[in-house]
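The listed protein sequences correspond, in order, to chains E and B. For the first sequence, this note's numbering begins at 1 and goes up steadily by one. For the second sequence, this note's numbering begins at 1 and goes up steadily by one.
One should not assume that every hint holds.
[As the list claims (entries may be wrong)] Which stretches of chain B does chain E cover? Using the computed rule of at least three CB atoms under 8 Å from a CB of chain E, they are: (1) 79-90; (2) 125-135.
[Unchecked claim] Partial list, derived from the structure: chain B residues whose beta carbon lies under 8 Å from chain E: (3) 94; (4) 106; (5) 118; (6) 270; (7) 293; (8) 296.
Simulated from the structure, these hints should not be mistaken for lab results. Here a beta-carbon is modelled for each residue, glycine too, at the ideal position from N, C-alpha and C.
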Amino acid sequence: MSVIPLDAADEVATEPVPPARRRRGLPGLLRRPGGIFGAAWLTFVIVASLTAPLWRPFEPGQQDTANRLALPSAEHWLGTDPLGRDLLSRIFTAGSLPLLSSALMLVVAFGIGLPLALIAAERGRRVERVISRVTEVFLALPATILLLALIGVIGNRLYPVMAVLGVLISAAVYRVLLGVAQSVRQRLYVDAARVNGLGSLRVNLVHVLPSMATVVAVQAAQLFGIGLLIVAGLAFLGFGPGEPEPSWGFMIQDASGYIYTSPWLMVPTGLVLALTVVAANELADALAGRAAGARGTRRRRRPLRRAVAAAAVPDGTPADPAAVLEVRDLTVSVDDGPDLVTGVSFSLRQGQVLGLVGESGCGKTMTARSLLGLLPDGVSVTGGSIRWQGRELAGLPETELNRIRGREIAMISQEPMVALDPMFSIATQLVGPIRRFREVGRSQAKRIAAELLRNVGIVDAERVLKSYPHQLSGGMAQRVCIALALTGEPQLLVADEPTTALDVTVQAEILSLLRALVRDTGLSVVIVSHDLGVVADICDDVAVMYAGQAVESGTAEAVLDAPAHPYTMALLGANPHVPEGEPVPERLASIAGTVPPPGSWPTGCRFATRCRFAQEKCTVPFPALPAHGAGSVLCIRVDELSREHATWTPERAGDEIQPGAEVLAPADETAPTAGVSS
Amino acid sequence: MTAPAGATALTATAATPALEIRDLVVRYGSGRKARQAPPAIDRVSFDIAPGETVGLVGESGSGKSTIGKAVLGLQRPTSGTVKLHGQDITAMSLKQRSRLVADLRVVFQDPYSSLNPARTIGQTLVEPLRLMGIKGPQAVEKARAGLESVGLPADAVDRYPSQFSGGQRQRIAIARALVCEPKVVVLDEPVSALDLSTQAQVLNLLADLRDQRGLAFLFIAHDLGVVRFLSQRTVVLYRGQVMETGPVEAVSQAPRHPYTVALTAAAPVPRPAEQRARRTAREAAGFGTAGAAAPSATGCPFVPRCPLATDVCVTERPPLRLVEGTEAACHHAERLKDLGAPHRSQARGGPLHRGRGAADA
Ligand SMILES: Nc1ncnc2c1ncn2[C@@H]1O[C@H](COP(=O)(O)OP(=O)(O)OP(=O)(O)O)[C@@H](O)[C@H]1O
Ligand code: SF4
Ligand code: SF4
Ligand SMILES: [Mg+2]
């Protein structure tokens, strides 16, 4: 009777609900119509039933023989039953039994299932196995027969019956909650608390349980609905409180006898029962939906909104005639929100590799994704132009972009395991796109798939074709992803942090592979990285990004060997990989503070708040200056700094433990922006 | 300053080590299948002197975190001992450990999952103090001071983790580890989830705190460059076994084990010309692709990737032995120059050991 499948439960639970979110949670819940309805109706039914003796217009047993089977009237709002008893009074008088006994069932089920799940998750495999075996026995018991047998022994006493049902259901509750508890226990703050010596009870109460709250609530709401149905069902079968005591099940059974002569009789009771069960389920859905929604799992693609294709060559910069890709003044914004990328320009020749480098949150990923029109929901290109082989891509409708994606421009991403579908073999995942892109038959597609795998350096292609993603190592999976990207024989590959998740030795292999592809097939590559070493290894050109702008660009050699922009200098200084033979510095160069989020960029130089060389004049807007040959640099003091041979020197020892080393943003401004990162 | 100048694996100081790991073996799981698989940690031994930082490097799955967990008591070792200032803590419960005078704390890699999102920073920091009997306003005062000691404003106590950036969260995690004034801290990849400039801030902070308080660090990382910055000695791990160990400068500048050479050569440097030369050298050395499993459990685990491998490597596990200043577990360490590795003499530009304390001396 597990109500949500295990992994769905885990999904729901993987994100703990922080208080900030919880505060926003209730309105969020109420924004779903089902959630409002569920919460409101349940509250109403519970309050009305428990207080029925105080307000009911008639005693539930009081017969009005003149008014049998009456339709609703001013006197009897919901009509009367065959004995002329007031339905409204009877329905709500009857309500407390199913509601309370279902609640009892819940208390018993969770009272047993939850602690067992916590214990099993904590004590490790052996204890878990024992508990799981026992609960399996419970799950295998025929619950209905047991309940009926029990009623045979103790009579129609619903509270003990529902309590026993709670015991049986606790096995299902345990099953679902175990998975959740195990995943919460893997979070590092649980380990940290244990290292601190926190007792097991407190670890569970303070660190594990709160993160399980949503799942518990979802489960409880659903089980509550089921409990109501079971109580009603038992009463329907005659195992409820006997006449003249009112009960929902018996009233429905009674009404079914008059279904042809007085159909109304069925309506009030049936509706209240149905609505209550539906309300419990709706509430459960809304709770589950809120948890899932909070994870930001929405990732539908949407056609680019309007895009302003500005003049291909603004501000007189001569477009490189040999460039295959020419990006000018690209602006990417959140719809009705801040800009994420502004005025980014670069060009790329065939067979060249361009690196976009910078810290997270600087707009690298947004820039790269806009090349394929693959921006997240609610984000679009709002200015500038992206010319690909002479064609304007900004503002192109989704259908046309779709023709370009995969065939002309392909993409690989940071997490190879996420890009591959765990359900299908590698062969299946390669053959589909090959057949689509190359219009060949299945057997030939298979041949091409093997060849592609060999081209990306996989020796035993046949074996890999037969495997499933989880059977591959990270490096192997990234090779497969590259092969997948090559199925449409693209001329441009956009690689977003393709090696970040990999070991250095594997990273070196993947970079060698990309380099070989560029050399042998004339592929052009735009690679996003935060690692200047990767840029030095593979890129011909580089654009250093900071807060949505390209602050310095040029050939990789010029930019890395003779950085002109203070931000580039700082990044290089922060890199602990010192040149061969040189000693490691006592302290590294670092940049105080953090990248300002979109929407709160300073005017003038966006780096000014963190720059050691900032002056008054840096805070007024200024244009980029040409530098490094065909590149540019966005710093008003660039000439002065180069005359002064300015360098971004390391900290002094002890600087980081001075009070005030870190300055906090005001509390309300630190909320993450629209889940957009790059 | 407490860093013992010249303390190396070879000439262990007379003082009791802050942390002593002997013949550590860790197997995950139970049952026959698990017993037949090679253990996650296979006979690992090393010491950390008081005030010393030992860097533990290796690629993903090499067992770095497992060693950290075994030291912290989060994972029960299959065999071997862990001693903290001479006291055997291998079988001690977490609660008992937290009451030790020179206790042991931890900073984890992921700044996002290592703080409970539902608790304020103050609550998080006060928690370990309460267990030591420090309560109420006194504990809050200590928490505030702890935040200031890692460069954060004291009023951060009232905020929730979601209001901090990754680097700031890592400072908080460091503050939590240090409020109880431990002597030994396990740092499990404390900077690998951070951006470069933030990584530099946190590394500087760790160096400052260590110098100020004479802390001993077990510093786990996958990046030799980062390890070289913070550590005095390093232990290179591959598939649960120690491949090489010695002073950090010696190991990173003139490695004596083919795996260390592969690891060093693969890390890209941000200088295009130098990187090109390194890449050429690495490609010429001819290391096999990562991921292949060793053909035999009894031999050297690096056989499938090693350009120097011979028959003896398949049949016999090489013991750790002294090779020109470091200890390396390789039958053919003397032939390493065939891989283009620099000679030890070449690297002897400055003092081999550059401990913080040594630098001052
Ligand atoms: N809880 C566990 N159960 C079973 N096997 C495990 C468990 N944790 C780790 N392992 C295995 O033990 C080996 C060592 O893992 P460990 O996490 O110590 O490596 P690591 O060097 O820290 O890697 P990374 O750099 O990825 O953090 C790996 O093969 C891993 O798959
Ligand atoms: S413009 Fe001013 S603040 Fe900006 S990088 Fe240049 S010197 Fe620094
Ligand atoms: S023992 Fe043999 S296989 Fe192992 S590293 Fe040395 S040479 Fe290579
Ligand atoms: Mg690890």
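Any CB of chain E closer than 8 Å to the CB of residue 94 (chain B)?
-> Holds, because the Cβ-Cβ distance from residue 94 (chain B) to chain E comes to roughly 5 Å (cut-off 8 Å).
Supplied contact hint for residue 293 (chain B), tested at 8 Å Cβ to chain E | Given a least distance of 11 Å, the restraint on residue 293 (chain B) is violated.
Apply the coverage criterion to the segment 79-90 of chain B and chain E: a residue qualifies when its Cβ sits closer than 8 Å to a Cβ of the chain, and three qualifying residues are needed.
-> violated (count 0)
Would the hint on residue 118 (chain B) stand, with a C-beta cut-off of 8 Å toward chain E?
-> holds (5 Å)
Given hint residue 270 (chain B) near chain E, where the shortest CB pair must fall under 8 Å | Holds - the Cβ of residue 270 (chain B) comes within 8 Å of chain E, reaching about 4 Å at its closest.
Verify the interface restraint on residue 106 (chain B): the C-beta must sit less than 8 Å from at least one C-beta of chain E.
-> It holds, given that the least Cβ distance between residue 106 (chain B) and chain E is near 5 Å, below 8 Å.
Does the segment 125-135 of chain B contain three or more residues whose Cβ lies closer than 8 Å to a Cβ of chain E?
-> holds (count 3)
Does residue 296 (chain B) meet its interface restraint, that is, does its C-beta lie within less than 8 Å of any C-beta in chain E?
-> Cβ of residue 296 (chain B) sits 20 Å from chain E, so the hint is violated.
Hint compliance for this structure: hints 1, 7 and 8 are not met, and every other hint is.
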